Amino acid sequence: MMKSTIKLLSIAVTTALLSGCFGDDDKNESEPTPAVSTIDWTKTNEWFEAGEQNVLTAKETQELLEKGAAKNVILFVGDGMSVSTVTAARIFAGQQNGQTGEEYQLSFEKFPVAGFSKTYNTNQQTPDSAGTMTAMVSGVKTKAGVIGYGEKALRADCASGSGQELVTSIELAEMAGKSTGVLSTARITHATPAATYSKSPERNWESDNNLTDEAKANGCTDIASQLVNFSYGDGIDVVMGGGRRHFFPSSVIDEEGKSGKRKDGQNLIDEWRAKYTNGIYVYDQTGFDAIDAASVNKVFGLFNSSHMEYEVDRANDIAGEPSLSEMTQKSLDILSKNDKGFFLMVESGRIDHGHHAGNAYRVLQDTVEFDRAIQVAVNSVDLSETLIIVTADHGHVFTMAGYPTRGNPILGLVKTNDSAGHAEDEHVLAKDDMPYTTVGYRNGLGFADYGDTSTGDQRYSDPHAAGRYELSDVAVESHGFHQEALVPLSSETHSGEDVGIYAIGPGAQLLRGTHEQSNIFHAINHAADLVAKAEASQ
Amino acid sequence: MKNKCFFIVITLLYAECLFAGIKTDTKSIVSQRAYYRVIDSELQGKPKSYTLTVWMTGNMLALEKAGNSSIALWHNWQTSKPTLFQVFKEHDYRIEFERIHTQKHQRLLAQLQALLQDGSFVQRATINNKQLILQRLIKDDMVELQINRWSDYKTYDYADIGDNEADPVLAKLIHQGFIQKI
Ligand SMILES: [Zn+2]
Numbered sequence: 001m002m003k004s005t006i007k008l009l010s011i012a013v014t015t016a017l018l019s020g021c022f023g024d025d026d027k028n029e030s031e032p033t034p035a036v037s038t039i040d041w042t043k044t045n046e047w048f049e050a051g052e053q054n055v056l057t058a059k060e061t062q063e064l065l066e067k068g069a070a071k072n073v074i075l076f077v078g079d080g081m082s083v084s085t086v087t088a089a090r091i092f093a094g095q096q097n098g099q100t101g102e103e104y105q106l107s108f109e110k111f112p113v114a115g116f117s118k119t120y121n122t123n124q125q126t127p128d129s130a131g132t133m134t135a136m137v138s139g140v141k142t143k144a145g146v147i148g149y150g151e152k153a154l155r156a157d158c159a160s161g162s163g164q165e166l167v168t169s170i171e172l173a174e175m176a177g178k179s180t181g182v183l184s185t186a187r188i189t190h191a192t193p194a195a196t197y198s199k200s201p202e203r204n205w206e207s208d209n210n211l212t213d214e215a216k217a218n219g220c221t222d223i224a225s226q227l228v229n230f231s232y233g234d235g236i237d238v239v240m241g242g243g244r245r246h247f248f249p250s251s252v253i254d255e256e257g258k259s260g261k262r263k264d265g266q267n268l269i270d271e272w273r274a275k276y277t278n279g280i281y282v283y284d285q286t287g288f289d290a291i292d293a294a295s296v297n298k299v300f301g302l303f304n305s306s307h308m309e310y311e312v313d314r315a316n317d318i319a320g321e322p323s324l325s326e327m328t329q330k331s332l333d334i335l336s337k338n339d340k341g342f343f344l345m346v347e348s349g350r351i352d353h354g355h356h357a358g359n360a361y362r363v364l365q366d367t368v369e370f371d372r373a374i375q376v377a378v379n380s381v382d383l384s385e386t387l388i389i390v391t392a393d394h395g396h397v398f399t400m401a402g403y404p405t406r407g408n409p410i411l412g413l414v415k416t417n418d419s420a421g422h423a424e425d426e427h428v429l430a431k432d433d434m435p436y437t438t439v440g441y442r443n444g445l446g447f448a449d450y451g452d453t454s455t456g457d458q459r460y461s462d463p464h465a466a467g468r469y470e471l472s473d474v475a476v477e478s479h480g481f482h483q484e485a486l487v488p489l490s491s492e493t494h495s496g497e498d499v500g501i502y503a504i505g506p507g508a509q510l511l512r513g514t515h516e517q518s519n520i521f522h523a524i525n526h527a528a529d530l531v532a533k534a535e536a537s538q
Numbered sequence: 001m002k003n004k005c006f007f008i009v010i011t012l013l014y015a016e017c018l019f020a021g022i023k024t025d026t027k028s029i030v031s032q033r034a035y036y037r038v039i040d041s042e043l044q045g046k047p048k049s050y051t052l053t054v055w056m057t058g059n060m061l062a063l064e065k066a067g068n069s070s071i072a073l074w075h076n077w078q079t080s081k082p083t084l085f086q087v088f089k090e091h092d093y094r095i096e097f098e099r100i101h102t103q104k105h106q107r108l109l110a111q112l113q114a115l116l117q118d119g120s121f122v123q124r125a126t127i128n129n130k131q132l133i134l135q136r137l138i139k140d141d142m143v144e145l146q147i148n149r150w151s152d153y154k155t156y157d158y159a160d161i162g163d164n165e166a167d168p169v170l171a172k173l174i175h176q177g178f179i180q181k182i
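As they're listed, the protein sequences go chains W and B. Going by our numbering, the first sequence opens with residue 1, and the numbers climb by one from there. Going by our numbering, the second sequence opens with residue 1, and the numbers climb by one from there.
None of these hints come from the bench; they were simulated from the model. Note that the structure is predicted; figures quoted are calculated from it, not measured. Using N, Cα and C, we set each Cβ at its ideal position, and we do this for glycine too. Just to be clear, a hint being listed does not mean it is correct.
[What the hints assert, rightly or not] Simulated pairs of lysine to aspartate or glutamate, EDC-like, Cα-Cα distance not exceeding 20 Å: (1) B:K154 / W:D264; (2) B:K154 / W:D157; (3) B:K172 / W:E49; (4) B:K154 / W:E60; (5) W:K110 / W:D157; (6) W:K263 / B:D40; (7) B:K154 / B:D118; (8) B:K104 / B:D40; (9) B:K154 / W:D418; (10) B:K104 / W:D462; (11) W:K67 / W:E385; (12) W:K431 / W:D418; (13) B:K104 / W:D449; (14) W:K110 / W:E60.
[To be verified] Which bits of chain W does chain B cover? Going by a derived footprint, with three or more residues having C-beta under 8 Å, they are: (15) 226-233; (16) 257-263; (17) 296-307; (18) 484-493.
Start from the sequences, fold in the hints, and give me the full structure.
Right under this line is the structure:
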């Protein structure tokens, strides 16, 4: 068997060879003898050896599928982290490391299990984060824009949600006596984190000022107040992200000079402090750094008025804010003190925003920081009792195209190979005699060149510029470059193709294959036995 | 504190002046609206003129150009971290530009602030070779009412535009494009 495999690898493939290999005996005497390499590929080729090693490692990997084998669960969600984003980020990270990039492995690409997630909402082919995260944390698909209710609920219709309330894995984990945490670089009231702890038929009901009269009349409350009033177990233990403005009145200005949004006069930060008298509320890097994980069990961190900064811009934040990997480390240090285990959700929320703005640099830098946060988790937990899942809620219309030569800068203009397969010196020109970048967008605002001094999302202040632009003298690898887009829209859109699921730890094998996104909850529930443990504790 | 900040901001736009959970005080300035005739001699041919209205309360400053369907509105305009909103009058919608401090917008706000002296609007000014002549100055409750009305419009953060195409009005605005010219 091995022998014929070597033959297949080493010999130029011809029909003569194929028929030879499959043992046909009607050989024509006049046919030339197939060329055979003198090299022993099994011992001298890095791809061959790495592939063999991979098989041996896989054989050694334990499949722990018993119910409840996972004491801890960490769900990492890269918002909008399409497969193309993962590929580009891998190359970007490798190239930042001085490598050609393609061969680089992000932390989660070393996980033993990968699968696909079908992301559609019950009413939408290309989904949004509200419906997709509800599927992942409650095990039930629902409509776009709807958080924590089944598909019979109508968007922004409070009364229609009655009786459609779903139970989330955070609620179950709290009922089971586990510690829990929710982290996001977006507003903590944004759709993805909100789906872990709230029920809202409208993702935009982040504070009371956005509630409709119908919502108020029928008893719906805003997402921020649901977070602070979360009543399962002893409440969510660690909450960190942006979105401070949804927690205090519009008449008040915060530490970073920004007004609140609330119209009901409530200061939910004060309410949280009153509820958790031993807890710590922080709003900046200094406060964050001062948290002593060994002695503190409840943390509420709101580091920005709206979303937290992109990783590229983080150093420019007014009061300073921690990175996603720092937040992950601190959370794990706090949550892992509980003997009953923990459930932690970590969202990299701004990968999505970078894509919407058509700014691949910020997308890739945030994805690399997301990767760091995952590595922090891998380094910090016992993988024999911790299930780690990394996935995305949906993709984006971000593509990697052309035939760039190996090691071509991922954000650069395409340089192809010559006819012998060697890299060309100059970038290749398209039929319009202009060069083009490897990465780009199918739709959105399109081209802009703000150099390296741009602020994130600046693109929205200028009109869309779809189509082709002369890029020969443009710094296409800078922070402020926005890739070309075909269809002009004032915001680039999500995409409908599947996203990756990467898993390690007890129960990981449940996620092999192609899944409805809601299956992620069921894998978690089986691995950590959440429902039974929650019921047993009541 | 408030007056000190006001002074610093007027003299040095980028000065740091953070408020730690302080109630905003809108009484230090009399709410007013100023109608300026703008004569733009830069335009080719004969000079062209139009009306600009500047609305001002203690913490809001708005700029409305006659004929434009959108208004620029700055919240906390007296501080070093003003927030810019684009108000769409015809749709009762606002877009909040939380982090947009582009030089263009900073310059515009600084120019508007330069129209103020001792809490009131100047008679004449020249900005970018355009002459501004004060036509009318009205100090009444209408200013506060109008600005409050704009502030109550449905508001989306610009970073969330892409996630809200399901909103038919926003979808329409998305397809029109934002902040073309304020
Ligand atoms: Zn999105």
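Hint by hint, which ones does the structure fall short of?
-> 3, 4, 5, 6, 7, 9 and 15
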